[in-house]
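Novice: The residues making up each chain are set out below.
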Amino acid sequence: MAFAFGFPLVQVVRDSFYAGNFSAPIYVGLANYRGVLSDPAFHQSILDNMKLLLTVPIMLGLGLAIALVLNDRIRGGRHYQSVVFLPYVLPATAIGIAFSFLLQERGVLNTSLRRLGLGGLAQDWLGNSHLAIVSVGGVVVWQQLGFAVVVFTAALLALPPETAEAARIDGAGWWQLQLRVLVPQIRPIIELLAVIQVITVISWVFNYVYVLTAGGPGFSSSVMELYIWRSFSNGSDGTAASVAVMLLGMASVLIGLSLWVRRQTAAQ
Amino acid sequence: MRTRARHGIVRVLSQHAFLIIICLAALYPLWFIASTALRSNAAYQLDPTGFPSHPTLGSLRNMLFHEPLPRWMWNSFLVTISSVAVSTFFALLAAYAAVFGRFRGHSIFVSTSVALMVVPPVTLLVPMFVFMVDSGLVNHLQSVIIFYTGLLVPFAIFFMSGFFRTIPGELIEAASSEGAGPFTVFRRIVLPLSGAASFTLIVVQAIWVWNELLIALVFLQNEGSRTLMAGLTQFQGRFVTNEPLVLAGALLSILPVVALYLSGQRFFVRGLTAGIGK
Chain A
1 MAFAFGFPLV QVVRDSFYAG NFSAPIYVGL ANYRGVLSDP AFHQSILDNM
51 KLLLTVPIML GLGLAIALVL NDRIRGGRHY QSVVFLPYVL PATAIGIAFS
101 FLLQERGVLN TSLRRLGLGG LAQDWLGNSH LAIVSVGGVV VWQQLGFAVV
151 VFTAALLALP PETAEAARID GAGWWQLQLR VLVPQIRPII ELLAVIQVIT
201 VISWVFNYVY VLTAGGPGFS SSVMELYIWR SFSNGSDGTA ASVAVMLLGM
251 ASVLIGLSLW VRRQTAAQ
Chain B
1 MRTRARHGIV RVLSQHAFLI IICLAALYPL WFIASTALRS NAAYQLDPTG
51 FPSHPTLGSL RNMLFHEPLP RWMWNSFLVT ISSVAVSTFF ALLAAYAAVF
101 GRFRGHSIFV STSVALMVVP PVTLLVPMFV FMVDSGLVNH LQSVIIFYTG
151 LLVPFAIFFM SGFFRTIPGE LIEAASSEGA GPFTVFRRIV LPLSGAASFT
201 LIVVQAIWVW NELLIALVFL QNEGSRTLMA GLTQFQGRFV TNEPLVLAGA
251 LLSILPVVAL YLSGQRFFVR GLTAGIGK
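Protein chains in written order, with the working numbering: chain A, 1 to 268; chain B, 1 to 278.
Source of the hints: derived by calculation from the structure; they are not laboratory data.
Please read these numbers as outputs of a predicted model, since none were measured by experiment.
Positions of the beta carbon are idealized from the N, C-alpha and C atoms, including for glycine.
Just so you know, not all the hints are guaranteed correct.
[What the hints assert, rightly or not] Here are a few chain A residues that face chain B, going by a calculated C-beta distance under 8 Å:
#, residue
1, D15
2, I97
3, P161
With these hints in hand, go ahead and build the complete structure from the sequences.
Specialist: This is the structure we're talking about:
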């Protein structure tokens, strides 16, 4: 652990103050940071990560809805659950490639829309600079939804049945029961999952972006990970390192938050 | 009473309709991959939505016999098995020491693991790459095996120590009071009890390694040393106008995962949600 984390964590901070190739580093102080912070492509990358944050409430809301329905002792619930969970275990690379074909200008989605007479809705989902990151977000939701469903289902199952029973006897309707009785009880788990998903979309979406849009068109769907990867491939190790340090800073705040939420959860 | 019952039926029906729509959405892309892989490129270009009415194994055969896919798959197998084996072995010993040995700072050790679990690997990429260049390991599978193992260990320790805490301490004390040393206790009592938990851990780690792309892309840059995921992205660029062929590769990369999932679903669910457990 010291080797895999300790060494690179120290080294990446050190690298971020140097420029040039790693075989002949030159100390440049904060110049890398200044360069990155004034680079419009970096601003775009951060902005895209922020846009992807919108997938978190969508995923949690939809996941919660599915989990509540499954919790209703519905027939075949286990089968539904295993189907919904399946995408989560599949390789994001293979899935991303499939979606890149589905979403092509002449792909399945547009062809179907045109055939249904909805040609007006057909879009260049990955080639349009406004839509590309939205499409990436859609694929992220598609793949990660099952995780939320499984986590929430487990949390709902662990609740004592007496409270729900009492509410039912008191005449609570279905919606009241869900929103007033069940959801508040699993709130700590919802919060914890929210933090984890925020970490995911900030620092763990490289696969999707790389195969869906490669950051394009232009830099319109670049994310921080992709920015790091691109600078690094171009030989700007210092630039890559300084973005890595900033990403690490953001992640640390979130990690601290997740540990805190975890402790709150444990305390209850 | 009557309306209440009708209400119930409407509710159950709409719940099923909702779940069926979700399931279709979850399954459609998989159907797309599998069905397109079985179609000829000409048929696909004519209509991407079509049903494989004249299925052909041409693309799959091409992938298996004329493209480097088998080699990449083998690389992925090697990388997955080695890094998962090393990390599981290490985590079993470390978690055993942390939970039952109670060495100084054992709780700090475990909570450090929890924190490291969520460190984005991309931030470690540059220094690790420089290290691998210096030690001459770039383009060798060892480079990713070492890195993956390091990345897996924190979760493995967290997971195993969580499980070990559920083993009653009296069991260990009884054995040690009869004169069994820590290694005998480990081998005779702890290991036999950890079968299911270890299997869960192995499955989760294997999936993670199999699916990893970024590190493989950076560390393994020549044709012969690529892992399957890195290779797939090559196909995507090389066969831009032959979707069935690329999807045949994607299908072959998914099959082992689906097979593992179908054989041990409950292990998956338990393991993948462990990071969030109580």
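Novice: Tell me if I97 (chain A) is really an interface residue toward chain B, meaning its C-beta lies closer than 8 Å to one of theirs.
Specialist: Since the shortest Cβ distance to chain B is 5 Å, the answer is holds.
Novice: When the nearest CB of chain B is found for P161 (chain A), is that gap smaller than 8 Å?
Specialist: Violated, because the Cβ-Cβ distance from P161 (chain A) to chain B comes to roughly 18 Å (cut-off 8 Å).
Novice: Please verify that hint: D15 (chain A), Cβ, nearest Cβ of chain B, below 8 Å or not.
Specialist: Interface hint status for D15 (chain A): holds (6 Å vs cutoff 8 Å).
Hint compliance for this structure: hint 3 alone is broken.
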